[in-house]
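**Q** Sequence:
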Amino acid sequence: MKIWMEPPAKTDVEAVVRRCFGLLRDGKILEAEQLVDHTSVKHVLKSLWAGSFGASLDSEPAAGEWERDSSWLGELDLGSFAWGDSGSNLYVEISFREQTIEVALGFWVKPVDAGWVVSGPSTLW
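Residues in the sequence shown are numbered consecutively from 52, following the numbering used here.
The set of hints was computed from the structure by calculation and includes no laboratory data. The structure displayed is predicted, hence computed values, not measured ones. Misleading hints may appear alongside valid ones.
In silico DSSO-like pairs for lysine-lysine, Cα to Cα no more than 30 Å straight-line [unchecked claim]: (1) LYS97 to LYS53; (2) LYS61 to LYS79; (3) LYS53 to LYS79; (4) LYS161 to LYS79; (5) LYS97 to LYS79; (6) LYS93 to LYS161; (7) LYS161 to LYS97; (8) LYS161 to LYS53; (9) LYS79 to LYS93; (10) LYS61 to LYS97; (11) LYS53 to LYS93; (12) LYS161 to LYS61.
My request is simple: use the sequences and hints to build the entire structure.
**A** Here it is as structure tokens:
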């Protein structure tokens, strides 16, 4: 996890978000979790699945389907970044098969004992 001695520039935060998302897409969950201050992204993946592949199904999926086959992750892409007025939080739209889904990912910059880190993701519906 990258630690800055002062609040990082927006471009630095966006680079971390892009790298984290790229690792998630590639199914490298543990590596993605190490880039940001977050304990687990399991709930994030479940929400992304529900808002993307799960929403496109004609029937009710089997329980845990999103965990058994992670190929759907490769069909997700980052959309627009939007920063909050404080400049310390942002959300990014997510698309599935080139359509923006109802789930966005939230990240924020927060102070820690050693400096500043990127925290997240959270899901926004």
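**Q** With the threshold set at 30 Å, check whether the alpha-carbon distance from LYS53 to LYS79 stays at or below it.
**A** 18 Å, holds
**Q** Taking only the CA atoms, is the gap from LYS161 to LYS61 under or equal to 30 Å?
**A** The given pair, whose Cα atoms are some 13 Å apart, holds under the 30 Å limit.
**Q** For the pair supplied as a hint, LYS61 and LYS97, confirm whether the alpha-carbon distance does not exceed 30 Å.
**A** At roughly 27 Å apart (the allowed maximum being 30 Å), LYS97 and LYS61 satisfy the hint.
**Q** For the pair supplied as a hint, LYS161 and LYS53, is the alpha-carbon distance within the 30 Å limit?
**A** Holds - the C-alpha atoms of LYS53 and LYS161 are around 12 Å apart, at most 30 Å.
**Q** Are the Cα atoms of LYS97 and LYS79 separated by 30 Å or less?
**A** 15 Å, holds
**Q** If you draw a straight line from the CA of LYS61 to the CA of LYS79, is it 30 Å or shorter?
**A** 24 Å, holds
**Q** Mind checking the alpha carbons of LYS93 and LYS161 for me, to see if they're no more than 30 Å apart?
**A** 22 Å, holds
**Q** Between LYS161 and LYS97, does the CA-CA distance stay at or below 30 Å?
**A** With Cα atoms ~25 Å apart, LYS161 and LYS97 stay inside 30 Å; holds.
**Q** If you draw a straight line from the CA of LYS97 to the CA of LYS53, is it 30 Å or shorter?
**A** It holds: about 26 Å lies between the C-alpha atoms, which stays within 30 Å.
**Q** Just to be careful, I want the Cα atoms of LYS161 and LYS79 compared with a cutoff of 30 Å; is the pair within it?
**A** Holds, at roughly 24 Å.
**Q** Keeping to a limit of 30 Å between CA atoms, is the pair of LYS79 and LYS93 held or broken?
**A** Cα-Cα ~12 Å, so holds.
**Q** Measure nothing beyond the straight line between the CA atoms of LYS53 and LYS93; if it is 30 Å or shorter, mark the hint as holding.
**A** The given pair, whose Cα atoms are some 21 Å apart, holds under the 30 Å limit.
Going down the numbered hints, you'll see the structure goes against none, and every one checks out.
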